[in-house]
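K.L.:
Order-wise, the sequence lines are chains P and G.
UniProt numbering numbers the first residue of the first sequence as 1 and each following residue consecutively.
UniProt numbering numbers the first residue of the second sequence as 1 and each following residue consecutively.
By construction, these hints were calculated from the structure, which means they are not laboratory data.
It is possible that part of the hints are untrue.
Copies of the same chain look alike in the list, so a pair counts if it fits in one copy or across any two.
As the list claims (entries may be wrong) - Here are the simulated DSS-like cross-link-like pairs (lysine-lysine), alpha carbons at most 30 angstroms apart as the crow flies:
1) LYS185 / LYS195
2) LYS148 / LYS119
3) LYS56 / LYS195
4) LYS292 / LYS457
5) LYS316 / LYS195
6) LYS426 / LYS56
7) LYS70 / LYS292
8) LYS414 / LYS271
9) LYS457 / LYS414
10) LYS148 / LYS108
11) LYS148 / LYS159
12) LYS271 / LYS148
Protein chains: 2
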Amino acid sequence: MFSKETYVNRRAELKKLVKSGIIILFGNNESPANFPANGYYPFRQDSTFLYYFGPKRDGLVGVIDVDNDKELLIGNDIDIDDIVWYGSVDSVHDMAEHAGVKESAPMKQLQVICDNAMKEKRTIHFLPPYRHDTMIQIFDLLGIHPSKQREAASVELIKAVVKMRSTKEQQEIEEIERACAIGYKMHTTAMRVTKPGVTEKYVGGQVNGIANSYGAMVSFPTIFSQHGEIMHGNPSMAVLESGRLALCDCGGETMEHYCSDNTRTFPVNGKFTQRQLEIYSIVEDCHDLALKISKPGVKYFDVHMDVCRLMTDRLKELGLMMGDTEEAVRAGAHAMFLPHGLGHMMGMDVHDMEGLGQTYVGFDDETRPNLEQFGTNCLRMGRRLEEGFVVTDEPGIYFIPALIDEWRAKGLHKDFINYEKLETYKDFGGIRIEDDILITSDGCRFLGEERIPYHPKDVEDFMSKN
Amino acid sequence: MFSKETYVNRRAELKKLVKSGIIILFGNNESPANFPANGYYPFRQDSTFLYYFGPKRDGLVGVIDVDNDKELLIGNDIDIDDIVWYGSVDSVHDMAEHAGVKESAPMKQLQVICDNAMKEKRTIHFLPPYRHDTMIQIFDLLGIHPSKQREAASVELIKAVVKMRSTKEQQEIEEIERACAIGYKMHTTAMRVTKPGVTEKYVGGQVNGIANSYGAMVSFPTIFSQHGEIMHGNPSMAVLESGRLALCDCGGETMEHYCSDNTRTFPVNGKFTQRQLEIYSIVEDCHDLALKISKPGVKYFDVHMDVCRLMTDRLKELGLMMGDTEEAVRAGAHAMFLPHGLGHMMGMDVHDMEGLGQTYVGFDDETRPNLEQFGTNCLRMGRRLEEGFVVTDEPGIYFIPALIDEWRAKGLHKDFINYEKLETYKDFGGIRIEDDILITSDGCRFLGEERIPYHPKDVEDFMSKN
């Protein structure tokens, strides 16, 4: 947890932004994997609850009564049976005190608070829930069916939370740097244990072990696959083969639940082929371009589009694309190779605040998401960058057999894509390079103390020595 | 997956046992950790769904119409967007075929099936749900509020499933042996990396990494703690100290989702103290006793009680308990040291079928759980053992400061517990030894190829050499 003042100040700011009504922030509960007790997934507190209240225990709800300037931490204390099984924890009263909250109450009080607020026709602000137990809780408290809760969530509250969590405080940046240090260990472990003959699962497992050893958990399920062309390829029991590339996209989460998110693509046998280097160098240059031009005031949508243009130019040189670059990109032909956006916000959630709605987090009145065009519809971040934002820079080039077949059969973008040549790349896989960047006052900087080997030469050197 | 015949035969048997009505078996869905998409926990299919249908994908429901002898696999096929992000998977039709199910249908069909069955006043059998998304699904389908679903679940179906899943088939036993082999690697890794100065979290992370590298995942959240007296102690950032014991309770899960579950307790510095050996040898003898007397026809409740008696005798020799053993055990005084049961069923769930209800899984008409007495109320398995059952044998002795203080203050069992002496053990921690055993035709056998070092001498030898 951060200092008491941190939480007091954040809630004061939130009250100013939301102005009136009563705010309910639901903490998370245990999440059953295959049976109700003991069969849990690792506990993960809700990020917004952590941001304003701090405690990492399940079964808590924070209430901020803006109209009456009252704050309350709600939850039930544990008994001796719980202590025997799970050890002792702070009382709810003590947890409230650590966060500078004056009052605490047992869970049954929450229904009373909601009933009173509804009777007085006051606005009850809650965020769009993403856990189904919270949805049932909201249904019971407020009578709103789970399928209607996302639209019933408070836009004022969403906007206020997004505004505050988007700009990272110094202490948050330090936590993200710590997460990047864990990420460095994860990626260099992957490079160390990758070799022909081991399974994807083996490497993925070792990577997850590092995240568990040095932090809270992985910041998202580790992607490690020879099929880099599958965006979110889970490690399989497939055996790694010499001559192929392995794509590793993973990150760690600190004990304070700040994330890192990096991707590297490297040769299973430690040595890139000429064809792999040709594609790798395009992705590398796209990645560097984004680092060079990202700064306050620039729209991340424009950075994305600049990257798409560069990628198209370079793919034309290789004979995989053709025609006018500007037209190709406007038409979305490049999405054959890059079907996702350049990056996303990162913080306590690896896709920071994604649960609150992409439209509010990555866009604003000036920049609307384009949900119609394949590829561009996956751009998670389009709005103007501001100092203190943390975003990922993650271009990639993929050769997706199913997509090639589908587009070709439909005759899509045939003026821009050389399908004949593309056929010969169907066994290539995919390459993505990703780092986390902090927007500074006049540009941006790479986050993390040491850079995970990145230039092909450095990757090869690292893999031959380790 | 097992062979098509396996699933066909299991469903045929299930239909015979349930006799009439329509059975709905809900597969699991993705489980969000901190936001709806990408922020998932690793997917874990429901065990009973796996048992009767097999596919490991999310978003599926199995329907068995007993009255009309019809079977149906329900789920939506994926589209090109899903293929780009997650790779291609079998169609629902193909998955049905692999399981010998003739029909498949999209998800919207499920509401039609339920509506028709309700109109015809047929019995709709479902199992008690443990995931909140399934609860919402059942609420929408059948109009039963989540808080009423456990009692609305079908007792006939629960009993039939328990009957079938309790006795393990040969191919299931082989899977459990595979899980035990992963568990062996996990435990010996823990022993190898444990040393003064590393954190609990470091060791726990390495153990989790092994489970991830060689199987699907951990079979439950790894317990690794110097505070062995906390039954489910999560690895913390605490540094391991020379002179203390570390308790490691963990298991692996195979790709087919069969579990292992073992516990070892070993000295952080690789060498037991005399005092630790005294307690360890009691737990070891209790563990061996259970292995010796468990066989078909014997109630596991009686095995548990025999272990409690032996433990009490031996604690009396150490001067920690006193008085008549029989009376002490009947009164539950031993629960100061052993506040949990001797073991539980194990299979696809580490506490096998626990979600269906402890009363149905571990007890029967002859043996009812004693829910009133502290300690005995945590006995998960009391009924007569049968050939093919897999159970854990996991006695332990714990010194729980909060429990000592509470019982002493209340004057509980003061004729049986030497509180003066017990005070001097408050810094001891706890010891548990656990292995998985298969009930054979005339006794039982330990599961797993190689035994995780167990006798103190073997533990010390292993730790000094690795």
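K.L.:
All hints, please: hold or fail.
P.N.:
Verification of the supplied hints:
1. When the C-alpha separation of LYS185 and LYS195 is checked against a cutoff of 30 angstroms, the pair qualifies both within a copy, at 18 angstroms, and between copies, at 21 angstroms.
2. When the C-alpha separation of LYS148 and LYS119 is checked against a cutoff of 30 angstroms, the pair qualifies both within a copy, at 21 angstroms, and between copies, at 27 angstroms.
3. Taking the closest pair of Cα atoms, LYS56 and LYS195 come within 30 angstroms of each other only across two copies (28 angstroms); inside a single copy the shortest separation is 39 angstroms, beyond that limit.
4. Taking the closest pair of Cα atoms, LYS292 and LYS457 come within 30 angstroms of each other only inside a single copy of the chain (21 angstroms); across copies the shortest separation is 62 angstroms, beyond that limit.
5. Proximity of LYS316 and LYS195 under a CA criterion of 30 angstroms is satisfied in neither setting, with 33 angstroms inside one chain copy and 57 angstroms between copies.
6. For the homomeric pair LYS426 and LYS56, the shortest alpha-carbon distance between copies (27 angstroms) is at most 30 angstroms, but the shortest distance inside one copy (46 angstroms) is not.
7. Taking CA atoms no more than 30 angstroms apart as the test, LYS70 paired with LYS292 passes in neither setting, with 46 angstroms inside one copy and 63 angstroms between copies.
8. When the C-alpha separation of LYS414 and LYS271 is checked against a cutoff of 30 angstroms, the pair qualifies neither within a copy, at 34 angstroms, nor between copies, at 72 angstroms.
9. When the C-alpha separation of LYS457 and LYS414 is checked against a cutoff of 30 angstroms, the pair qualifies neither within a copy, at 36 angstroms, nor between copies, at 73 angstroms.
10. When the C-alpha separation of LYS148 and LYS108 is checked against a cutoff of 30 angstroms, the pair qualifies both within a copy, at 24 angstroms, and between copies, at 19 angstroms.
11. In the homo-oligomer, the alpha carbons of LYS148 and LYS159 lie at most 30 angstroms apart inside one protomer (19 angstroms), although the nearest pairing across protomers, at 37 angstroms, exceeds that limit.
12. With identical chains, the CA atoms of LYS271 and LYS148 are never at most 30 angstroms apart, being 53 angstroms at best within one copy and 60 angstroms at best between copies.
Of the hints listed earlier, those the structure fails to meet are numbers 5, 7, 8, 9, 12, in rising order.
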